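Visitor: Sequence:
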Amino acid sequence: MTLNEPMVSALLGYYLGIHAPGHKDIREAIAATHHLLLGHGWAVPVLRRDSAGSQVGVVLNLGPKHPASDSEADLRATRYSDALENRLYLDPLAGRPYPEEVIARHDIKLDHVLPGDMAAIAAPVDFLGLNYYTRSIVRSTEIPEAQNARPAVKRGPEVTEMDWEVYPEGLHEMLVRLKDEYPFPAYYVTENGAAYADKPSADGVHDPRRLAYLRAHFAQAARAIADGVPLKGYFVWSLLDNFEWALGYTKRFGIVYVDYATQERTPKSSALWYREVIAENRVE
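By our numbering, the letter at position 193 of the sequence shown is numbered 193, and the numbering carries on one by one without gaps.
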């Protein structure tokens, strides 16, 4: 893969100020997006030349955007959210221009886009990787809340330690949309998993919520395959509890528990279950 989650580097780093360099300028974010994607496009032919026979692709973190109500304000906000976080990356990879919903709204001049750039970004790839964790329910901030329609869509009661709604149906929705609107040769779920506050006990590390999360998402992946999505692989995030960017070691995504003081590793219940799934090649 050439890139993993360019949206995180561009938008979280240059627009939302969450990650380095901590800027909050949409124009910088769009420029960063373009140059990340351009780097991908330039890398594809080099990888093909220097690693003949290898599969080359790119990985995006994507998720469905659902309006909180059917008001025009919420629908408009949802289209913008989808354009900013999904289509800003998908469209140029598929040979299309950057979405007008973003460019026009922020009066982006795109003077950093040089002749030949968009063709380079659209270099044919062998697969698209999807990192999926949750959906977004979008509420407009353009009008006062009291003037908007009553929300009709609310997130479910189950959330992870990241405060992300557990919404496995969104994986199927996103995969089918990719097949229909962005027909890449193949797809991989390159990340999918959940952070929970796992605690060791005398007889191991039990994580029934993560096990249920994975089981539900595996079922949605199987459903997508049945619906014609050329899904070729699925990777759980993550094997080990690990360093999660600005959150450090505070969120545990692993199916293997890590004692950070001793570095001892203990497979969690989800890892033992996953081993059985792999051995039997099926999910009950």
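Please keep in mind that the hints were generated in silico from the structure rather than gathered at the bench.
Keep in mind that a hint or two might mislead.
Below, computed lysine-lysine pairings styled on DSSO-like, alpha-carbon distance capped at 30 Å [unchecked claim]:
1. Lys109 x Lys65
2. Lys251 x Lys24
3. Lys179 x Lys199
4. Lys251 x Lys199
5. Lys65 x Lys179
If you're wondering where the values come from, they're calculated on a predicted model, not measured in any experiment.
Visitor: It remains to establish, for every hint, whether it holds in the given structure.
Guide: Status of the hints after comparison with the structure:
no.	hint	result
1	Lys109 x Lys65	26 Å, holds
2	Lys251 x Lys24	26 Å, holds
3	Lys179 x Lys199	40 Å, violated
4	Lys251 x Lys199	12 Å, holds
5	Lys65 x Lys179	17 Å, holds
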